[in-house]
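Since chain D is already given, all that's left is putting chain R on it; use the hints.
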Amino acid sequence: MAKTVLPFGPQHPVLPEPLHLTLAIEDEIVKEAIPKLGYVHRGLEKLAEIRDHNQMIYIVERVCGICSCMHALCYCQGIEALMGLEVPERARYLRTIWSEMHRIHSHLLWLGLFADAFGFESLFMQFWRIRERVMDLQEETAGNRVILSVNQVGGVRRDITAESAQWILETLKLAEKELLQLKSTILDDTTVKLRTVGKGVLTKEKAYELGAAGPTLRASGVAQDMRQTGYAAYSELDFAPIVETDGDCYARTVVRFKEALQAIDLIRQCFAKIPQGELSVKPKGLPTGEVVSRVEQPRGEVLYYLRGSGKKFLERVRIRTPTFANIPPLLDMLPGCDLADVPVLILTIDPCISCTER
Amino acid sequence: MSLISKSRVKSPWLIHFDCGSCNGCDIEVLACLTPVYDIERFGIINVGNPKHADILVVTGTVNHRNKKALKNIYDQMPEPKVVVAIGACGTSGGVFREAYNVVGGVDKVIPVDAYVSGCAPKPEAIIDGVVIALGKLAEKGKKVDQGIFERLEKTQSAIKAR
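One line per chain: the protein sequences are D and R, in this order. FYI, the numbering for the first sequence is 1460 to 1817, going by this note's numbering. FYI, the numbering for the second sequence is 10 to 171, going by this note's numbering.
This is chain D alone, in the form it adopts within the complex (with noise of 0.2 Å):
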């Protein structure tokens, strides 16, 4: 049979964000797969230009809804190492608290997410019903739900006090047991794993080889987790990276949503540890010099490339997102696969576009 030119996006319905695809696929098995990106590029690295370093903050933030915090936290780090400056170790704790927090959140919506692609859609409300509850966590502690705006070039915004590090434990408490009560419906169900084992593999040697990120590489059999880096507060948290062998969709699967219960556990973690003291320090001085600063994000490893010569505003950022990284590999498991599975395997490396394009 001749070859059919399908396209895929920029508003597909599984999407939430505008990526196309265009899909050349012979009866109904795709052959090949042409991604065509820049539905959402603004062009914030030039932005830089315009606006001083603590303004970009501001910027970086607004790179990704999802992962703001992460974003901000990255950014701060790099100006920081510029700087000199040394973060108080409980800013350094609540950093931590807040990142996991987004973990959480961002990979129960991806959860959600995948099971609305593949057509559950009961189990999609379910995970975003969870969610709900650390996105209220988000708006108590950092006044609001989605972009939180607590990092800050030296330290942290704000506190979290005895009282809410309390509700917050109990909160994540009844979480985790919902969470646990899916568990069965979303990696042992058998409609569930005809849709996901064994579609989209990829190997150790290639995810490694295209440069995948984050749990799409570890699902892969590779473990590479920044936060083992020990930036923030990771390096005195108890914890290893979860990985998985088989490189299929429902590896990554159980990836993600093992990291949601992990995350659940360094938050507890942190507040066993976490001492009193001074939220930051004081910048003084302009950033000078050049410094890459990376932070694993709930996608994978973001990269920031920053660059000051003692001027209020920076000559370069450079930001190399997750979802960019994984695109290759994505473009990868697509041929020979069926039509009906594209959108799985699209969300299963959990696309962020609007990181991939900025």
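Please keep in mind that the hints were generated in silico from the structure rather than gathered at the bench. Be a bit skeptical, because a hint or two may be false.
[As the list claims (entries may be wrong)] Distance condition first, Cα-Cα at most 20 Å in a straight line; then the derived DMTMM-like pairs of lysine to aspartate or glutamate:
id, chain 1, residue 1, chain 2, residue 2
1, D, LYS1505, R, GLU107
2, R, LYS145, R, GLU88
3, D, LYS1770, D, ASP1511
4, D, LYS1770, D, GLU1508
5, R, LYS149, R, ASP84
6, R, LYS19, R, ASP47
7, D, LYS1743, D, GLU1548
8, D, LYS1495, D, ASP1791
9, D, LYS1658, D, ASP1791
10, R, LYS131, D, GLU1598
11, D, LYS1632, D, ASP1724
12, R, LYS131, D, GLU1591
13, D, LYS1632, D, GLU1591
14, R, LYS19, R, ASP154
15, R, LYS131, D, ASP1595
16, R, LYS131, R, GLU49
17, R, LYS131, D, GLU1599
18, D, LYS1771, R, ASP154
Frame of chain D, contents of chain R only:
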């Protein structure tokens, strides 16, 4: 005719288009559909096809590439239709308005009926914006319905005369 104009407002279908947003507003629009806010109890359904939709919910700034896609989706929707621009970016361009690839708010490309401010707006605010747009949808619907039978008769007789 009153049945259609009544049910149009009582059970509006909306389509969501991400037009260069940072995802913050998108996940809040999606959160409106989920159990805590659950706008489906008001008969509002999120649909994927612009030809089925009454309300276009746009998040984010318009850029030079997606303005054609936005215009295309708007043109595909049947009359009467209303547009809700969500978030600071949708209303004016927000923090991105000086970036080189940003055209500005949604109203630079298509007419907007309701603006929801905030970065990102809470789901309550989004629901409020959609409810305000519903009032405008009812008004626009009246204009579309007015004299529809006469117009239909005219068309039919024109076809017969052909």
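Okay, the hints, checked on the actual structure:
no.: 1; hint: LYS1505/D with GLU107/R; result: holds, 10 Å
no.: 2; hint: LYS145/R with GLU88/R; result: holds, 12 Å
no.: 3; hint: LYS1770/D with ASP1511/D; result: holds, 9 Å
no.: 4; hint: LYS1770/D with GLU1508/D; result: holds, 11 Å
no.: 5; hint: LYS149/R with ASP84/R; result: holds, 16 Å
no.: 6; hint: LYS19/R with ASP47/R; result: holds, 15 Å
no.: 7; hint: LYS1743/D with GLU1548/D; result: holds, 19 Å
no.: 8; hint: LYS1495/D with ASP1791/D; result: holds, 16 Å
no.: 9; hint: LYS1658/D with ASP1791/D; result: holds, 12 Å
no.: 10; hint: LYS131/R with GLU1598/D; result: holds, 10 Å
no.: 11; hint: LYS1632/D with ASP1724/D; result: holds, 10 Å
no.: 12; hint: LYS131/R with GLU1591/D; result: holds, 12 Å
no.: 13; hint: LYS1632/D with GLU1591/D; result: holds, 14 Å
no.: 14; hint: LYS19/R with ASP154/R; result: holds, 16 Å
no.: 15; hint: LYS131/R with ASP1595/D; result: holds, 11 Å
no.: 16; hint: LYS131/R with GLU49/R; result: holds, 17 Å
no.: 17; hint: LYS131/R with GLU1599/D; result: holds, 13 Å
no.: 18; hint: LYS1771/D with ASP154/R; result: violated, 60 Å
The structure fails hint 18 only (numbered hints given earlier).
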